[in-house]
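Undergrad: What follows is the residue order along each chain.
There are 4 protein chains.
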Amino acid sequence: MHSERFYTLTASCPDRVGIIARVSGFIAEHQGWILESSYHSDPGANGQDSRYFMRIEVKADSLPFPAAEFRRLFTPIAAELGLDWKLSDSAVKKRVVVMVSQQEHCLYDLLARWQSKELAIDIPCVISNHDTFKGFVEWHGIPFHHVPVNAANKADANAEIARLFEQARGDTMVLARYMQIIAPELCAAHPGQIINIHHSFLPSFVGARPYHQAHQRGVKLIGATCHYVTAELDQGPIIEQDVIRIDHSDSVDDMVRYGKDIEKTVLARGLRYHIEDRVLSHGNKTVVFR
Amino acid sequence: MHSERFYTLTASCPDRVGIIARVSGFIAEHQGWILESSYHSDPGANGQDSRYFMRIEVKADSLPFPAAEFRRLFTPIAAELGLDWKLSDSAVKKRVVVMVSQQEHCLYDLLARWQSKELAIDIPCVISNHDTFKGFVEWHGIPFHHVPVNAANKADANAEIARLFEQARGDTMVLARYMQIIAPELCAAHPGQIINIHHSFLPSFVGARPYHQAHQRGVKLIGATCHYVTAELDQGPIIEQDVIRIDHSDSVDDMVRYGKDIEKTVLARGLRYHIEDRVLSHGNKTVVFR
Amino acid sequence: MHSERFYTLTASCPDRVGIIARVSGFIAEHQGWILESSYHSDPGANGQDSRYFMRIEVKADSLPFPAAEFRRLFTPIAAELGLDWKLSDSAVKKRVVVMVSQQEHCLYDLLARWQSKELAIDIPCVISNHDTFKGFVEWHGIPFHHVPVNAANKADANAEIARLFEQARGDTMVLARYMQIIAPELCAAHPGQIINIHHSFLPSFVGARPYHQAHQRGVKLIGATCHYVTAELDQGPIIEQDVIRIDHSDSVDDMVRYGKDIEKTVLARGLRYHIEDRVLSHGNKTVVFR
Amino acid sequence: MHSERFYTLTASCPDRVGIIARVSGFIAEHQGWILESSYHSDPGANGQDSRYFMRIEVKADSLPFPAAEFRRLFTPIAAELGLDWKLSDSAVKKRVVVMVSQQEHCLYDLLARWQSKELAIDIPCVISNHDTFKGFVEWHGIPFHHVPVNAANKADANAEIARLFEQARGDTMVLARYMQIIAPELCAAHPGQIINIHHSFLPSFVGARPYHQAHQRGVKLIGATCHYVTAELDQGPIIEQDVIRIDHSDSVDDMVRYGKDIEKTVLARGLRYHIEDRVLSHGNKTVVFR
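Residue numbers (my numbering), protein chains in the order written: chain A, 1 to 290; chain B, 291 to 580; chain C, 581 to 870; chain D, 871 to 1160.
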């Protein structure tokens, strides 16, 4: 991430001749200084048309106008190209609501990155189905909401989570080893906004107890997957994955322990890509401009 | 691998007190010099008993007798401990029959390792359902058998493969991207002797066209798996696996190309572990003493 | 790590016939149940003699006597073999004094592992040349000592650190990105007890600002090294290392950020090996029985 | 690499507003279809000015003119921007002269990639200071030149190599574990054209016997580095690097063996980047648009 203020334009559209020329021409015309730019043409498959993706960072003070005016002037060009686009401002931090249960590793990791400003986010609150980390979270000056979940109160708990997310004006929800299922309606209402870390190398070992499944199959590497949450369990678009080597001497407990190290790293990387607008969805896949 | 001649004792048995003491005591009693030794206790699961695994390399000329006498003297001790065991001699090279179809990467890689003596094996012959590599293999002085396979002759082809393997006195068969299915009877007749390289990170993407499956799911790493072949497709005990990073810009063709690099490396590693008697089977899993 | 109580015997000696037999024979004689055991023979170089290393975990309650009696009975055997050895007890936690400056990542990471009991250690205190993390550390119920260091007070500061380590009855000191040099006398007084994380893949980029050095050389991977501290800067025995991929688009700041993720992981792994008595020193190298 | 014919424009220039717009505008004006494009702005350091790098693939048959006309029309724009540029044509294969000594792994690997057309290159000849691989190379239909090198004939041998490279109309020379030093004058005459694979993770272990150096230092990972050759030994711009894990049980011979696997992979990757015009030099560093 650059230290000066910048705008990030992300966009996709049907591929055709002249897209970069049109978009970069607009920016150049207004003396916009491009800090970083990435482009990708997806050729499509099975008769789908090819689609174009781009991400451009423009130095804010190189432009003679603010973000709002950029958006106004760019709108007709976007219409002409059929762009699905947005412009974000590095000065406006993403508001990330963190969900956690009883495992500490992702929470400690995220708060360390937040407190050192390595991750340029605001955390308006942490929500948990346990009160294990109440003191730890509040010590950091972050509000903590305990929303217990049990067989009887699932609907109410989900409604409360939705309400807290709304109240916090969250734009991203991170499931930092949150062990309850998020209501399908909440997923549907926030596509590309809810990020989960699954403790396996998807699509292997979907669902519960993936390390037990991995142990039983005798795999030689275990993994973690950061993905957007959709209504279908563990099937959402994958943002980032990684693996770590194990061997026959590792018990399920050892795998759980090793797994923590990749879970927190993969989640932090995936979250960073997301908040820096590096992830563009494309059906059930992602384009990640690292 | 050590340069001096040595014997390798591999064994497993129900775990109990005193196994190492008994086995290493026998070796010490005869002045055997241990070059390398590895032990593993598997605690079992779901009420299974724990099982003990070991691999010991003894310098041949430290012992006052040859391998046959070692075996004779060790037999009562093995019986006492309930050992499932064997003793191999580094001076007796494994005979590895290589099966290949039309992709070159694993074949070139194995022959390079064989010709430089990096892999201490004999290759009595290469068998293929195509004649693509006939000249290349024969240039190396290795007999090449062309056994075409089609819908009509499968049984005959499989019988011919079994006959050639027998005739070659093969003790290991390597499927170096051999794209036909080995007959279940042949698999059953040679448990732990037929090694395949599958071009995915199993258990993901079993069966045909795993790179297409991986591309469609949008994974961020692709893998390869070296495993023993059993009658059930892609379900045998895993010996070795590895992965390589890809991203949204990689087409299926790119994945095929990247995949070759891990396929040949993972196969070569798995084969090495096998021929050095580092792999002990344990149900559908392996203990690999690297 | 096993959940039941166990003793860990670590030892090294000149290599000869019968070492395993003698040691495992002693254990078996007393009905000791071996949970895990590892052996390594180092052949020596340049006319040095070969040396033998071992690590054996014995289930505590399988023995008819406590650790003290084990030590007493084993002493003559150790003398006979010329063993350099020790026996530790999993019920006695290592006391790890953590040193930190102003970077949060290793500290948060270690405290997360400590509070979840993933790392079975006691942290009697944290010492820092800054008071940045005083509140955070004390919130965890751990004493925090602020020992400022400047050009004028180095000797006093070092003496104070030595005194605090002594007072805390520390057996291990971890430099968790502590940016001051530990006095050579303190290093000399505690060989194999002070662990540092250096932010480069040693022996590349010794000394200050390794990421700047790496950026200037244009390397494609950056690394971190966990090593024992000796009087010679960044030259001590290496315990663990790892690397992460970077590319031309990464600035020094990006490298610092990526580096944090491997620094904390490599330090945690190295520390775990150390506290589980998996690291045996051998001149300026280590044997690590993972 | 795309299967359709395309031109690759690579260029660098002082950074300023409007570079992408000007270049992509030119392409769009002539209906050029951009298959892939990458941009990088290097901010400079220590008062250097920032510099811009780009690589653009344009589908050949989308343009109304051939490469020569592209070059003619683009020349004034390049002059205006101060571009250091070239345009290559995917239909014109690079001519790669391979240098080898007595180790087989890189040679087998390159020839396998060449014969399967995975690497889109011509190999006009192989040159070696030994005749070990004469038969193997010639079997592939590639001329083999034996140029022995000894203390007395170094100058003559180097002159002969230069002559053969010239005669072969080589545009790239690959040192595939060629164990002689290339004459500084030859290096100087072909900057960015001679590629070496060094068997260490540079800048560690420069010069001879890097695996012995690594063994002595007790590192936990070993590496390989693909770089452009300059007059200064092992100091040229790094194109690609990778590492592999080792441990205390690995002898120098084991390290040599492990090392082969990364050497050939890293060399193949680096060579691919080079022949696809993905590597742009920047002082003693490289921009690699993967």
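It is worth saying that the hints were derived from the structure and are not from the lab. Please note that a few of the clues may not be correct.
Okay, derived cross-link-like pairs now, EDC-like style, lysine to aspartate or glutamate, Cα gap no bigger than 20 Å in a straight line [as the list claims (entries may be wrong)]: (1) K407(B) x D1120(D); (2) K929(D) x D461(B); (3) K349(B) x D1124(D).
Undergrad: None of the hints should be skipped; say for each whether it holds.
TA: Hint check results:
1. K407(B) x D1120(D): holds (18 Å)
2. K929(D) x D461(B): violated (52 Å)
3. K349(B) x D1124(D): holds (18 Å)
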